[in-house]
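Let the sequences and hints guide you as you build the complete structure.
Protein chains: 2
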Amino acid sequence: MNEITPLERRADGGPGPIRRTALHDTLVSHLRDMIIEGDLSPGTRLHEGQLGEQLGVSRTPLREAIKYLASEGLVELVPSRGAVVKRFSAKDVHDMLTVLQTLEELAGKLACEAASDAGIAEVRALHDEMVRRYKVGDRLQYYKLNQQIHSAIVQLAENAALADMHGVLQTRLKRIRFIGHEGPEKWAAAVAEHDEMIVALEARDKAKLSEVLGRHLMNAWERVRASV
Amino acid sequence: MNEITPLERRADGGPGPIRRTALHDTLVSHLRDMIIEGDLSPGTRLHEGQLGEQLGVSRTPLREAIKYLASEGLVELVPSRGAVVKRFSAKDVHDMLTVLQTLEELAGKLACEAASDAGIAEVRALHDEMVRRYKVGDRLQYYKLNQQIHSAIVQLAENAALADMHGVLQTRLKRIRFIGHEGPEKWAAAVAEHDEMIVALEARDKAKLSEVLGRHLMNAWERVRASV
DNA sequence: CTTTTGTATTCTGTATGCAGCATTTTCTGT
DNA sequence: ACAGAAAATGCTGCATACAGAATACAAAAG
Numbered sequence: 001m002n003e004i005t006p007l008e009r010r011a012d013g014g015p016g017p018i019r020r021t022a023l024h025d026t027l028v029s030h031l032r033d034m035i036i037e038g039d040l041s042p043g044t045r046l047h048e049g050q051l052g053e054q055l056g057v058s059r060t061p062l063r064e065a066i067k068y069l070a071s072e073g074l075v076e077l078v079p080s081r082g083a084v085v086k087r088f089s090a091k092d093v094h095d096m097l098t099v100l101q102t103l104e105e106l107a108g109k110l111a112c113e114a115a116s117d118a119g120i121a122e123v124r125a126l127h128d129e130m131v132r133r134y135k136v137g138d139r140l141q142y143y144k145l146n147q148q149i150h151s152a153i154v155q156l157a158e159n160a161a162l163a164d165m166h167g168v169l170q171t172r173l174k175r176i177r178f179i180g181h182e183g184p185e186k187w188a189a190a191v192a193e194h195d196e197m198i199v200a201l202e203a204r205d206k207a208k209l210s211e212v213l214g215r216h217l218m219n220a221w222e223r224v225r226a227s228v
Numbered sequence: 229m230n231e232i233t234p235l236e237r238r239a240d241g242g243p244g245p246i247r248r249t250a251l252h253d254t255l256v257s258h259l260r261d262m263i264i265e266g267d268l269s270p271g272t273r274l275h276e277g278q279l280g281e282q283l284g285v286s287r288t289p290l291r292e293a294i295k296y297l298a299s300e301g302l303v304e305l306v307p308s309r310g311a312v313v314k315r316f317s318a319k320d321v322h323d324m325l326t327v328l329q330t331l332e333e334l335a336g337k338l339a340c341e342a343a344s345d346a347g348i349a350e351v352r353a354l355h356d357e358m359v360r361r362y363k364v365g366d367r368l369q370y371y372k373l374n375q376q377i378h379s380a381i382v383q384l385a386e387n388a389a390l391a392d393m394h395g396v397l398q399t400r401l402k403r404i405r406f407i408g409h410e411g412p413e414k415w416a417a418a419v420a421e422h423d424e425m426i427v428a429l430e431a432r433d434k435a436k437l438s439e440v441l442g443r444h445l446m447n448a449w450e451r452v453r454a455s456v
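In order, the protein sequences belong to chains A and B.
Numbering follows this note's numbering, with no gaps: position 80 of the first sequence is 80.
Numbering follows this note's numbering, with no gaps: position 76 of the second sequence is 304.
Be aware that one or more of the hints could be misleading.
[Claimed, not checked] Taking lysine-lysine pairs in the DSS-like style, the calculated list, with each CA pair at most 27 Å apart, reads:
#1 B:434 <-> A:208
#2 A:206 <-> A:86
#3 B:337 <-> A:91
#4 A:208 <-> B:402
#5 A:91 <-> B:434
#6 A:208 <-> B:337
#7 B:372 <-> A:109
#8 B:436 <-> A:206
#9 B:434 <-> A:206
#10 B:337 <-> B:402
#11 B:319 <-> A:206
#12 A:109 <-> B:363
In short, the hints are calculated from the structure, not lab data.
Following this line, the structure appears as structure tokens:
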């Protein structure tokens, strides 16, 4: 999609209060984005010398970032042959969605118990914004807000381990969902499901929210299965 | 627990068919074990120079392994201060067990559908062996077989993503469970639950297996809560 | 013309070296 | 003697350098 551009190293000092972002984190995020957005397509070898030069970074931190991503499951380490962007089969995607479904069902239940009213209001705000984008037909922003909402609900559950696992799976799936372009009717259905979600969350209806989230992800498979 | 010993580099050739295990993998496993077994206790700084010398490895591959473990959640990266072994609070452990419970419930359902008879027989064999160890009072082997059984059931589910997530959580919890020494009556209860599990699995009773697995992990929290 | 083997190149894997930041120790002033 | 500042030490973060493995290419044999 994009050109491979040199990593902009956060210049020292500047207006920012303090530089917290080490190169490692920046690199990890950058590579993750490159994989998700398709700059590095599945099966591509991550050429250390070349890639490092393009990003303006030496091989050492690059290799460390790659190892990190390998643990995240985005790339695969082949002994003596470096790293390649992991390729997901249709079954892999289905499997991931199955687990994600279970996790979000759990998140829904926990969120209804643990969430603050303010937290719920924030999700509502995200939702309203997303609907606005939907009506305008802004797919990219819709997509991003959609992800944010799911993450936000998981956050409301106040369970770090759950958030971790959810985050990993969502990241792995981003690449897929980013591509999946459903038709208008399926899109409308997805929005309707989101509507139900918000209502259930605001009512703190555990069973309902859990059920809708589960259904939503079941349908997600239907929506993306064609594109994998 | 143990001394920190130099990493035995799998000598090339040898009887083994071919050397698949790169240094990276060996290092990761070794460090993981050191953390789990308590050689590196929570809060300990992973001193690159020192640790590398003790293991007989230079800093570069060691750093890569540490980054990998950081992504797994076993260590925490502190900017400009290296890595420290992550410390889990009681809530963290509870949260992990909650997620693990949900995942194993799912695994139980899927396993009943996907498992081969041979696969189920293998779990039964593990179970019988575990019961034998229990009767002898061999806590360590009991513990290991216990873990193996849970992993085996997850494997039967034939869902790679599920296995991944389960593996990560189980690894994080190993350190805790390794310590938790329940009394005789709780131990007996745990074994009884495992008995139920096997029966349900052999009957391919989805609902029952799922229920038992869930209950088993709920009780697991009761068993370990004192020791965290 | 195909296949096989030897060689050369390229890339990964590991070690080492240097610079910057954090912390600790020491020195100085009150 | 104590507080604060300055220097010194130790460690991490990044870059570079070197060695070994894998692959690609070419030449020679069938």
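Hints, verified against the model:
no.: 1; hint: B:434 <-> A:208; verdict: holds, 23 Å
no.: 2; hint: A:206 <-> A:86; verdict: violated, 36 Å
no.: 3; hint: B:337 <-> A:91; verdict: holds, 17 Å
no.: 4; hint: A:208 <-> B:402; verdict: violated, 35 Å
no.: 5; hint: A:91 <-> B:434; verdict: holds, 21 Å
no.: 6; hint: A:208 <-> B:337; verdict: holds, 22 Å
no.: 7; hint: B:372 <-> A:109; verdict: violated, 32 Å
no.: 8; hint: B:436 <-> A:206; verdict: holds, 23 Å
no.: 9; hint: B:434 <-> A:206; verdict: holds, 23 Å
no.: 10; hint: B:337 <-> B:402; verdict: holds, 24 Å
no.: 11; hint: B:319 <-> A:206; verdict: holds, 21 Å
no.: 12; hint: A:109 <-> B:363; verdict: violated, 40 Å
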